[in-house]
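Participant: Chains as they are written, first to last, in this note's numbering: chain A, 1 to 459; chain B, 1 to 459.
Treat the hints as calculated values from the structure; they're not laboratory data. Some hints could be false.
Identical copies carry no separate label here, and so any pair may be met within one copy or between two of them.
[As the list claims (entries may be wrong)] Straight-line distance between alpha carbons at most 30 Å, and here's what the computed DSS-like set of lysine-lysine pairs gives:
hint	residue 1	residue 2
1	381	17
2	4	381
3	246	368
4	221	410
Residue strings, one per chain:
There are 2 protein chains.
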Amino acid sequence: MRNKIVGSPEEALADLKDGDSVAVTGFGTSYGFPVSLLVATKEKDVKNLTLVTNGLGAVGQLRSMLLVASGQVSRLVAAFSWRPGPRTPADEQIDAGDLEVELVPQGVLVERMRAGGAGIPAFYSPVGVGTSIHEGKEIREFNGRQYVLEQAINVDFAFVRAYRGDRLGNLDLRGSNRNFTPAFAKGARVVIAEVDEIVDLGEIDPENVGLPGIFVNRVVKATVEPDSVRPALRRPKDTAREYNGKPGWTRLEMARRIAEMLEDGTYVNLGVGMPTLVSNFIGDRDIILHGENGILGYGEQVDGDRVDKNIFNAAGEYVSILPGASYFDSVEAFEMARGGRLHTVVLGAYEVDQEGSIANYSVTDVKKGGIGGAMDLIAGKQTLIVMMEHRDSKDRPKLRQQCTYPLTGKACVDVVVTDLAVLRRSGATWTVEQVADGFTTEEVLELTELDASPVPTPA
Amino acid sequence: MRNKIVGSPEEALADLKDGDSVAVTGFGTSYGFPVSLLVATKEKDVKNLTLVTNGLGAVGQLRSMLLVASGQVSRLVAAFSWRPGPRTPADEQIDAGDLEVELVPQGVLVERMRAGGAGIPAFYSPVGVGTSIHEGKEIREFNGRQYVLEQAINVDFAFVRAYRGDRLGNLDLRGSNRNFTPAFAKGARVVIAEVDEIVDLGEIDPENVGLPGIFVNRVVKATVEPDSVRPALRRPKDTAREYNGKPGWTRLEMARRIAEMLEDGTYVNLGVGMPTLVSNFIGDRDIILHGENGILGYGEQVDGDRVDKNIFNAAGEYVSILPGASYFDSVEAFEMARGGRLHTVVLGAYEVDQEGSIANYSVTDVKKGGIGGAMDLIAGKQTLIVMMEHRDSKDRPKLRQQCTYPLTGKACVDVVVTDLAVLRRSGATWTVEQVADGFTTEEVLELTELDASPVPTPA
């Protein structure tokens, strides 16, 4: 009788050895992470691992960072190798040359793992073409557009987390917590699923098996409690920054302006950070929100009793769901983006420049940074709205002649909403559509490097 | 209020015009076909269509053949352009040069449509490399293996069929009837879903939306009854063919021998035709059967009250399901195959030759034929068992020095079970492991072109 259930995380990891590659799922909240397997891997003290993961998490959390902090990882393939905040062991090791990093846009990461599991060694991708992330890779034109050749990723092990599992390895995935599980499992030689509950065959409805058992080699009951679920909603700060001694718009005012720009009947992705505030101004309008972790049709941010640990947006914020919502994995979420099904994407940014290029990832090299899913989200034919402060924390302009940070995308921004103005681009021509009360267009433009003009007065 | 529901198939097709490309889903039984949309397209009398579909079905059925018979199709992209039986309008039009055909292996067909919807213009595939199907295409080596560059397919319209749908376009897909629906929808500009039932928002559980509404543009209630569901199980003929005046094994005896070869704990695909008979000899053994339409863990063939019109294998035979079964779409089904998750594939064949190459599709050119999913199924690292008669209907050997029909795969057959013998290959060396009662190894080999030797007697 086939029985993939093993007695403990240690037993599940019996053949994990030095030099192996391990893909670790999880996104946003703590629930979807295979925490027992991470702890057991740390205790096993295997070395020289290649780690494939979305991000490392913070020091002290039960996340992939555990294995980096313990010096077990020599190579990292991730969408985030860095996050704002105190320096981490990853920062130290990268700077010392002890941790090699390959930063991969989030949607490309899951697609490459999925390809590895689908017998597809390489595919052409529109994501990040023209940015520094692809230096040295083959670029090829199809139908007049440039694409980059992406190679499949195959790993020795995948650690995934599921709600329930059975002895054939069938997994029951829940809510928007599916995220990387199917793709990472497919690309692995040995898939170990950590589950909340082991159930009898047939308990998981055949219509709703999130990952068929053929992709899973071992099932183990979780032995370590996840980190505590984020206890309460983080209420946004809403103070206005001052420029020339006068207040600009608050973040909520910016968010409301963006909500007003969204058209009814559209599908919209709100990027992590400020853009998620826009969700508070949608109300009962006919706008469907998309999260790249794998959710369509989410509503407002929730806390307390309204939190379902399996339902969160791509920022990891617990959200309500609206009638007609659906869940899917990140592979399908990014199909929607690259395939052009999203009408509008709202992103935060460090800089936007004259030609409409955007820089929204974190650090000035491709080793230490957080690329996330932004490059993937803007690879479709969507309208791109950028929401950012008018000047940075060192009072430098964020609207530039040319971006100084590494690009997320070239000539793709349609509208910028700052705390001082709304600007719209056509080619390399920018028009100032609105400015904050008490400011003139000239005053606002003096605080940028951009060449722009006011909306022409009707004749 | 977003409302994708339209009043009639005619209204749903209002903007379908001459020269458009249309992808039509459906596989096996009649239930999964968008019959109302096919009938309405026929009545609309648009011309010069490109039709993307698995196969045409028979004349007189409510299938894609309707549109070919009415002369509305000028180009066909399909896994089957031909089927055994009387000549069809497709045969006539192909011979007359009025119907251009691109035959595509079934798994590649769904993957190319999926790529079209995922923003991926092209990908490298292991399927059918070394066969005539890819003449003129780019071949490239990755990790020591050859792959062919496959281009995405995008179409103007997809016609899909679902059990239930709501006003946001969310579809409820059922059982092994998912098949081509997600992939074909993703690759289309306008997706029209024909549904049994239109339901209120929220009636479809967000955990079990088969295709999220973002991929669907119009939902219409079916107005035409599907063809009658196949009424009863076709019981196999089980007479033995005679060679040299003596009976060989019957088909059921061949099937039983193959069942005995299957190892416990494996995942097995049984090809359409004779191989499905093997399922009758598996009983309660620990063998999990895979169907490329999208089913894992099916059991015996069923009829009468046991038929669920949504549960069938890749041969279109209604089957039982076993505890721990799961359903998925054909994209995922072929990931399992190409990704190497199947241990054994059993195929019928026209010919197998000395180097272990197999020819199992129908006609001698790449215009009129039925390639099906065989090339895709053997692209993994599985054991390939061929089940076929020892000689063809014209009494020519089917075990050849070199295949005379177009190849399905090169040097990939591990075992052949005919109605006279069991032969096993290693490189270009074949060993006769067993012969039918009353036959000698020499006698069996004289009825082939193959060089083979008996199993050496232990010293």
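Participant: Looking at the structure, which of the earlier hints fail to hold?
Facilitator: Hints 3, 4 not satisfied by this model.
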